[in-house]
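Colleague: The chain contents come next:
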Amino acid sequence: MASSAPRKRAAPVKTEVDATRATDLYRTVARIRAAELVLQRHITEHGFGGFWHPGLGQEGVQAGAVAALRTDDYMFIAHRGLGYALAKGMSLESLFGDLFARTVGSTGGKGGGTVHFVDPERGVLGQGGAIGSSFVLGAGAAISGQMLGTDRVCAIFFGDGASSRGTWHESALQASVWKLPIVWICENNGWAVSARISEQSPTENIADRASAYGVPGVIVDGQDAIAVFDAVTEAVDRARAGHGPTLIEAKTMRIRGHYEGDRQKYRDDLLVGDEIPRDPLGILREHVPASVADQLDDDARHEAESVLATVLEAPRADPSIIYKDVWS
Amino acid sequence: MASSAPRKRAAPVKTEVDATRATDLYRTVARIRAAELVLQRHITEHGFGGFWHPGLGQEGVQAGAVAALRTDDYMFIAHRGLGYALAKGMSLESLFGDLFARTVGSTGGKGGGTVHFVDPERGVLGQGGAIGSSFVLGAGAAISGQMLGTDRVCAIFFGDGASSRGTWHESALQASVWKLPIVWICENNGWAVSARISEQSPTENIADRASAYGVPGVIVDGQDAIAVFDAVTEAVDRARAGHGPTLIEAKTMRIRGHYEGDRQKYRDDLLVGDEIPRDPLGILREHVPASVADQLDDDARHEAESVLATVLEAPRADPSIIYKDVWS
Amino acid sequence: MTEQRTQESPGDGVSTINYALAINHAMAEEMRRDSRVWILGQDVGRMGGVFGVTRGLLDEFGPLRVRDTAINETFIVGAAAGAAMTGTIPIAELQFADFMLIAGDEIFGKLAKWRYMHGGKLSLPAVVRVPTGLLGGVGAEHSQSLEVLGMHFPGVKVVLPSTPADAKGLLKSAIRDPNPVLFFEHKGLYRVKGEVPDDPEFLVPFGVAAVRRRGDALTVIATGMMVDRTLAAAEVLAREGHEVEVIDPRTLVPLDMDTILESVQRTGRAMIVHEAVRTAGAGAEIASRIHEELFFALDAPVWRLGASDTPIPQDPELEQLCIPQVPGIAEAMRGLIAL
Amino acid sequence: MTEQRTQESPGDGVSTINYALAINHAMAEEMRRDSRVWILGQDVGRMGGVFGVTRGLLDEFGPLRVRDTAINETFIVGAAAGAAMTGTIPIAELQFADFMLIAGDEIFGKLAKWRYMHGGKLSLPAVVRVPTGLLGGVGAEHSQSLEVLGMHFPGVKVVLPSTPADAKGLLKSAIRDPNPVLFFEHKGLYRVKGEVPDDPEFLVPFGVAAVRRRGDALTVIATGMMVDRTLAAAEVLAREGHEVEVIDPRTLVPLDMDTILESVQRTGRAMIVHEAVRTAGAGAEIASRIHEELFFALDAPVWRLGASDTPIPQDPELEQLCIPQVPGIAEAMRGLIAL
Ligand SMILES: Cc1ncc(C[n+]2csc(CCOP(=O)(O)OP(=O)(O)O)c2C)c(N)n1
Ligand SMILES: Cc1ncc(C[n+]2csc(CCOP(=O)(O)OP(=O)(O)O)c2C)c(N)n1
Ligand SMILES: [Mg+2]
Ligand SMILES: [Mg+2]
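Listed in order, the protein sequences are those of chains A, B, C and D.
In terms of my numbering, the first sequence opens at residue 1 and continues consecutively.
In terms of my numbering, the second sequence opens at residue 1 and continues consecutively.
In terms of my numbering, the third sequence opens at residue 1 and continues consecutively.
In terms of my numbering, the fourth sequence opens at residue 1 and continues consecutively.
No incorrect hints appear here.
Covered by chain D, according to a simulated footprint, are these stretches of chain B (three or more residues, beta-carbon under 8 Å):
| hint | region |
| --- | --- |
| 1 | 110 to 118 |
| 2 | 139 to 146 |
| 3 | 168 to 182 |
| 4 | 316 to 328 |
Label-pair distances were calculated between CB atoms; the ranges are:
| hint | chain 1 | residue 1 | chain 2 | residue 2 | range |
| --- | --- | --- | --- | --- | --- |
| 5 | C | Asp258 | A | Arg263 | 53 to 61 Å |
| 6 | D | Met257 | C | Gly241 | 33 to 41 Å |
| 7 | D | Leu339 | C | Glu262 | 16 to 24 Å |
| 8 | D | Pro63 | B | His302 | 51 to 59 Å |
| 9 | A | His46 | D | Pro63 | 38 to 46 Å |
| 10 | D | Pro63 | B | Glu45 | 52 to 60 Å |
Keep in mind that the hints were calculated from the coordinates and are not lab data.
Source: prediction; values computed, not measured.
Beta carbons: idealized from backbone N, C-alpha and C, even for Gly.
Okay, chain A solo, but in the shape it has when bound (with noise of 0.2 Å):
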């Protein structure tokens, strides 16, 4: 039944870099980093309602990603910072407003901690408080785009805790089988809370189960958000002409802590002072002119950090809301 071979590689071999995807790469990890270091500091210093978990260091992975996609294409984020929402092009102010539930959020004010962004405008469909939702949820999407004559893609992004779920086989063989036009991006960041995917799987790589559904599997250097990029693209074409899902794996690490304040006593690879090994900004300098990439960081620093001072003084809901939205 499988229309192409499964197949696994490594990352595309680069040929030339798109100068402009290149600094508007550098722009969206430099301006993720910025809000991540801005929310770190505030919740060191002043604590915070609810859970945070850091996507520090994973922005290569959700800034090449989103990339790939059109506006119009559906997404599911998944729980690990709020890079993927503002790729996507949510603003700063509606994800720090639901992060601090104010009502500029853009759940106008129910939010607090790791929320559940949303932006349907922009195809942010949220991310399910029960890990691994999102792969029902997003073949769901998947069929709408299909059924109303739209040629849109869902990106589905989740972690390699989220790879050991039921919900992955169900929604993998059928979307298969349907050819639904689906890209499945996991997050391998060799963590679900405190157990290392090394000893959870029994396969090397997420990437190579792929075979057993038939459909790609591809394996990407996550801190080199080109590379993500390339492969997220491919992987969007063949979804966009009808030719099914594939499965990418972005290798990446969780720098801090599962959620922000998490002490981490069962790691042994933890970092010095966060030190962030092949930083995405890093690897993206080597294609954007220096002072170009140090206004971009400049910009986002200061982005970030005036927004969250707005957000902070913004209103908060009434307690009505909690009333509100129950039903249509």
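Dock chains B, C and D with the ligands against the given chain A, drawing on the hints supplied.
Modeller: Chains B, C and D with the ligands in isolation, oriented as in the chain A frame:
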């Protein structure tokens, strides 16, 4: 992490067939066949409360696989027929007793239709009414076996249809990582009610999925009880030696309806007069003297008829049984 | 909560068809009306459903709108939720209501909550059709009545038709409702016939109970398969001189407490009869609300009849002993009236 | 149903420890006593659990008895059921009670039914530990109180400890119980301290409610996190001259109706307070039973307080507005006493 490289192979090359083994298998297949036919006739003539899922034509898998198990090995059966339970040593009376809701049934009279045959002494632990439950239950039994210091193996029978459930994925990953003593035996009869497996599976074989779990995937001719016995024996040895699970796919076919009475309008491969292509009895006859085989056929028919007659006369449970055994 | 208040409006034509066909017609009509409506589930296509409810729909609407899935209940409901969020209107069929337990997170964690969690930015107009109750010999894992779950998780509507006309009219309302709906079709009613309006605009609104019989001695609220049994018991009581009022709420979420309370106010006595396990069933909620609202007007406590505190045995004769029967219902009516 | 009727028997020593540590001690003691007892769940080993409840157990009992699973709730509970059937005693930890919805078939289709379905030939002595209720900012899919589900599916016991001593004594009883037990630990109580007997034979029996405060004006039945809030509200009422009796049932299955009915018979008024959604929650069942048994002795209807008919918002300040608070409970007490 996987201990041994995934592999796949056709039925093992038969060197010499143990004559006693062949005769024993013939006896088992003949007994299952006779029970199947006697039930089929009874249901056609007299109707039946509940649903019966005939296993006609699949006796070779059931007999061959169970013969490779020790009496104290655990076993989760599938819903298709009673062959598994009969082969494991349960009396035909206790099985018919369940089907006709008599106190002689293994469930003491709660039965009726395709029921939940059980005999913990002989390792028969039931079948999930929700197809695919046995993957997770069976993993638990395998863990108990290990923890109690036994070398018991757990065999889990399931259909091609059941292989789509998420319970498979969750169990297969965890069982592989923990090297649980499990043998998964897929009776691929080509159909899940009205669904052709060839339209439901992106890979040609269910066994093709084994590599995703770092376990051996073996394909065997399910009509050939000896081939099944050999394949399962190897997998059982592997499991007992602590090397983890094996996925065996036995190719077989569903001769009759999903349930007895199913008119199968959806089917275009119906057989004339229930002819059983590659009848497991016929294949076994190559290794059993005709006179012996004839006698075993007679004995089996006689057993099935007389047990049915006895069971139909046996008492039903007192209605108060509905309140029994909710709690220990 | 915006309710559809469209009146029941039978057209000229009425056909005498069974409950299964009434459901089939509801789907066919809505699929003709709105190309966004589609179906997924096991055996719904080529076979027309294990209970024959989707027969002919594959032929009329094709394989993209009538999709045969693998055995993947989690997928069926989860994909329906994802599709509903993105502009189509899926009707998911589970082969047995029991399998809601396999898709529990998708029903109660996603369909019921995702609109709320996302500040109203998503809508989830999905229908999940679940064949409920006893069928005869299908055992503990295929016979449950789980409608009360839908009452405890805010965000899903809960429908239990007891007649062919209601089955059609309520399903059409369910498909048009912008909220997720759990639609409990009773397996034992599929072959029951009744008059059903042909009008493709015939809708039965949610939140409007049907008074199946008028009476002054006692109000009985019955659902699903228990409606007919309660009416039969009411006949017995009528011959004994007691007129029992029988109310079929038809939807549990929303629940038409107005009709129930008005009736109990008049009769002073109430009883709930359902096929679900009595303990913590819908009857507990309805009884509690009646007590809360009408305590001082009641002549006796509200009683509840439901299934025994046991799983359902596999044997088709034994299983009936677990749920209310006509004589038992009549006996309870007598007891409550005498109290 | 055979109940463990062992008396509470504190030994000489008593330690002041928190609820999480009390649960930890219960597991450690039972694992020392019986080598068949083992643990599985996510992060229960190396990390000692996301709430720190299993800390130290991997070191003491090794990786075969304290098993870190992948993210596979269906597996966790299903494997526990299979293991329980075959002679070991698993303690399964789900990280959030909400994930019962992912393992619904394994809990309610297998653990609850498989003994019955198989004519008593199997036993399923598994414990499923589920952190329940609000934690602060974990949102709609991680904050639910789902204990009523266990009441509607016959075959599982349901435990909700509200103090460290009960947490320890009830969990030890749960592990020794030959039936499957759903053990609801409140996430908001983990850090609350209390006196806990050291005696490894200290057990709290199932089906015996604890009367937390004596009174004659009103009986309030409260569970889990609501026990302390109800006691605080009772203090307020006491200052206003009304003595409220507060009963903590501790187990919902079995439920100690004797203690509840004896109390309500005396006070003539009753109210139930729980954190679960009010509609179709445990309160509906308890209220219905009180009405059924004591209708003519009651001075007023039984009232229920519970969570709003909404999902839980993600924001930690908003979430508290959805569940009963001390002032609201006190207000309801006043209202009911005045009725
Ligand atoms: C079904 C489910 N089980 C458990 C959890 C708790 N949990 C939240 S994140 C997480 C680990 C996820 O690991 P992974 O998918 O690798 O993502 P990462 O955190 O590494 O980005 C767990 C166990 C959950 N949210 N949902
Ligand atoms: C979870 C679940 N979904 C659906 C069903 C209804 N059902 C019973 S058997 C069956 C088909 C099973 O196919 P397969 O596993 O191939 O076994 P076969 O009937 O071919 O022996 C289905 C869909 C069920 N029992 N459980
Ligand atoms: Mg990870
Ligand atoms: Mg099959």
